[in-house]
Amino acid sequence: MDKEREKEPGRDGAFTAVPRNLQFRVGLLLGFTLLIAAAFVLYVLYARGVFEPTQRLTLVADNVEGVSIGMDLSFSGFPIGRVHKIELADDGRARIEIVVPVRESRWLRRSTIFTLERGVVGPAKIRAFTGNLQDEPLPDGAERTVLRGDTSEEIPRMVATLRSVLENAQTITANEGSLQASLGNLRLMTQRMAGPGGALSGLLGSEDEAKKVLASIDRANALIASMSGVARKLDAVIDKTDQRVYGRDGLMDGTQRAVGQVNGILAEVRDSLKRVDRILDDAQQVSGNAKAATTDLRALRAEVDASLRKVSALVEEINRKWPFERNTEIRLP
Amino acid sequence: MSPEAAMAWFRGWAHAARLALVLAVAGLSPAFYTPRLRATATKQLYFTVWQVFVPFTLFSALLSVVIIEITIRLARGYGLGVYALELVITVLTLELLPLLTALFVALRSGSAIATEIALMRVSGELDAMAAEGVDPMEREFLPRVLAASVSVFMLTVVSCAMALIAAYFSMYGLSPWGFSEFTWTVAEVFTVRQLGSIAIKTVLFGVAVAVIPIAAGLSATRDMKSAPVAVLGGMVRLFFALGLIEVLSLAVKYV
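Chains as they are written, first to last, in the numbering used here: chain A, 79 to 411; chain B, -4 to 250.
Looking at chain B on its own, in the form it has when it is part of the complex (with noise of 0.2 Å):
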């Protein structure tokens, strides 16, 4: 790596962080909830989430179910039954569900932001708003950013409740009788810490889904090539930050 392109990964970066806090400030200022911003972050919302609510939540279950299957009957195998309840709960609600949900909003969702930036970047749509005094902020960037916060909140509680259910099943089939067990353990994984690690993982996770990609949007200039450049350096860096906050997560949580 050249210096010139270090210096242009940690230009990345620091933009991206900028954004985040201006975005922050913003997204706590009450003038900033228009109705206008309302309008437009519903509109988000329903692209992020509700065309893929079913499909997500079935992909969650599924994956949870296989995942349960396979870590219960191992841990019986070895004589380790009691603790694989623990076990999947943890990994799967805490850790993995939280990040794959993350993931695929970033796929699907913050993709299309970067591009969508990136192109308004290219037109020269962003500075006609800026010479017409009207702030992107409300407008463009501060909706998207709070409508993939959400949905990442909305599809990580949904699959973690599928994965909860099924891990019920799975451990238990369909008797009644394992409810108490079951809800000792459950218990035992969401302490009040862990409730706050992933309620604060979850927030970052949908942030960075949304800013790192407008960061990246607004790195393209009017040059028509610039665009793919931007997006996908974007997209590189939304996966790390993702990563990184997981990594920190598991850090700050188990070491």
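Pulled out of the complex, with its shape left as it was, chain A reads as follows (with noise of 0.2 Å):
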């Protein structure tokens, strides 16, 4: 047995050569090795933020389906906080808290806006929209209503409407549908024009219609023709008149003959009137002393002065009334 023991030490020299320096090299790989876990355990506390003040920020959602913990914040593509709690409020709204580094909260302003995306690939997105980054900074524990936009929720509502339109277009072209039953009649009506009665009978429906609109044209046509020989007539017996009334010797031409002889009656009176004056001033002359006559004829001659006025008014009356020179231009102003 001792011997066995013995053999112990041996045992282990006789296979590898152990260093006399053991414990130091092995001290020192320790050393190192726990070092490293230490570096990445800190690393890992500072990546978490551990060293760093932040700032709590609360997004109140309706639905925060897709959302976990740890899930980024993310600010014109740069993620700049995480999703540190996700609870539903006594309102049934769910409460989104959010963890933000001081050093991040710059980007969060009064004015910023909160969306919750979610598509088809991938998970939600929390994403962050400053238009006025002067605005004044987002206070500690802010809560902030959040902006839903979801593509996977739009899906089957599309696909509801896009159901209800294919089915339209089933319809429509169906066997029965009313397409067919348009290009049917589009195809009768093709047919009937090209039949007998052409375009017509195509329009009407049939041939019978097609005749008889054809035959009320021929009437129509025919009174048409018989109308023309009305309105000869017509126009033969106003050229009559015309010719009757104002033509020569016409009933006008006679009357303005009248007339004129009326004038020239006038103008006579008026002559032998002028010869009266030209008598009575002799008169005056030749008899100065005979004053009393003289008063007696001067209230004659006033009066064949008036009655002359009176011919002479008269005359330019009837020149007016009549007017003979048929002067048709109008002379404005």
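Worth flagging that the hints you see were computed from the coordinates, not collected in a lab. From the three backbone atoms N, C-alpha and C, an ideal C-beta is built for every residue, glycine too. A portion of the hints provided could be inaccurate.
Selected chain B positions facing chain A (in silico; Cβ < 8 Å) [unchecked claim]:
id	residue
1	Lys38
2	Glu183
3	Leu190
Some chain B residues close to chain A (C-beta under 10 Å, calculated; not the full set) [as the list claims (entries may be wrong)]:
id	residue
4	Tyr41
5	Trp45
6	Phe48
7	Val145
8	Thr186
9	Val187
10	Ile240
11	Val242
12	Ser244
Need the complex rebuilt from these two chains, each delivered in its own frame; the hints are there to steer you.
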């Protein structure tokens, strides 16, 4: 037994040489590994923001499906915060608590808008949009409502709409559908158009109808022909009337002549009155002494003058009322 | 499998579990930490870590670079490049490299431990120790368990560190400007829960790598022919145990 015990250290020595500074080497390696492990843990803690002041932000959403703890809050594509906690509030709305390192919180302002988007592929995304970076900074513990945009929610709605559209299309294109019926009607119509009645029977539905229309047109033509005969006769009547009234030796011509004669008579009357006037002048000169007679004569002369003026006025009036000089020209002032 | 074989299989597991409990109690009692234990443990560590440190580190770095390059390229090809870094860090540092390290230590040290204990059993050395009043627990078992646990931990740390460095350079090349995004991704992957789970997993791997071979070695008899059978059974059990720990940790984390 002792022999065996003594063999033990030799056993190791026989197969592998144990170096003298074994403890130092192993200690060195162990220390090195522990250093790496400690450095790594510190790095992870640093990465997780343990050594950094942070601020909180609570987003309120109707539905936080797809949101998970540790998810990023991104701004312009850069992650600036992490989801720390998700909980359901008493009012049934979900609250997403986000931790943002203070050095990143400068991107968040009072006017910042937060959105929660879910794509078809990949996780949900919480994004922040800040329009005005000069705005007041977002205070710690702020609470904001998040706007949702959900592609996967849109899809069922879209599919439902699409399905109804497809159903409609199917109904339209079905054998008994309206499109087929319309096409059938169209075919029938084109057939008729190609038939004896032509386009008219296509439009009116049957050949008989088309014939009726053609007959009506014929009748209308005949009517128009007879109407033109009537019109011609009417023209002749009008021509005659014109000749009678305005033509040579017509009614109007006679009248004009009569008035001309009246004018002539009146001119003669005026001349004779002028002659009387002259005689009276002579008489006044001859019998200058006969004062009484003169006074009477003067009165007589005044009477003659008045008659003369009346006749002149009459002539002028006739001329005005019957303008024989057909002066149709209208003179505008 | 005959009922006897099944019983033997079951007994083997029960034996390993009991030994693990006893060793855990021993490992937690300061009275066992004698200078002799420390000396033996140091010697074991020298064999399990020092001798393989550089080759293993290089191997894990090479493996990491290849896997990371392939993953990142494929992910970029599919337009999912942003998820690639997170994916490779998660898969490599949290799952693949710890398991690979444990398998490596099991292959190298676990088999050696099983053979050593089985030979001690065959030669009657352990019985002699017991007769002399020397506790084989303090003298042989506990140092090996401690050394195996520490070596699994050390090699895991080194290989994971290599993987992280390889991931950075594969993703961003030599540019320093990827650092903040990289840090963000690291923070995403290594949550407190993940750190805890990888620590527990590494400890379990380390314990299993030593305890199961010791239990297997102890199942040998004075018959010389029982040694290979014991070592073989122990190594298969160790393989399953490591797989089971990995599956359980995955189930706890992701299911």
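Evaluation of the provided hints:
Interface hint at lysine 38(B): satisfied, since its Cβ lies 6 Å from the closest Cβ of chain A, which is below the 8 Å cut-off. Contact between glutamate 183(B) and chain A, as hinted, is supported at the beta carbon level, the nearest pair being about 6 Å apart and thus within 8 Å. With a cut of 8 Å, the hint placing leucine 190(B) at the interface with chain A holds, because the nearest CB-to-CB distance is about 7 Å. The criterion of a C-beta within 10 Å of any C-beta in chain A is met by tyrosine 41(B), whose closest approach is roughly 5 Å, and the hint holds.
About 6 Å separates the beta-carbon of tryptophan 45(B) from the nearest beta-carbon of chain A, less than 10 Å, and the hint is met. The beta carbon of phenylalanine 48(B) is positioned within 10 Å of a beta carbon in chain A (closest approach about 6 Å), and the interface hint is therefore held. Checking valine 145(B) against chain A by beta carbon gives a least distance of about 7 Å; that is within 10 Å, so the hint holds. Hint on threonine 186(B) holds. Least Cβ distance to chain A is approximately 6 Å, under the 10 Å limit.
Annotation: valine 187(B) was flagged as interfacial toward chain A, and the flag holds, the nearest CB pair being 8 Å apart, inside 10 Å. A cut of 10 Å between beta carbons decides the hint on isoleucine 240(B): the least distance to chain A is about 20 Å, and the hint is violated. The beta carbon of valine 242(B) comes no nearer than 24 Å to any beta carbon in chain A, farther than 10 Å, and the hint placing it at the interface is violated. Hint status for serine 244(B): violated, given a least beta-carbon distance of 18 Å to chain A, over 10 Å.
Hint check: violations occur at hints 10, 11 and 12; the rest are consistent with the structure.
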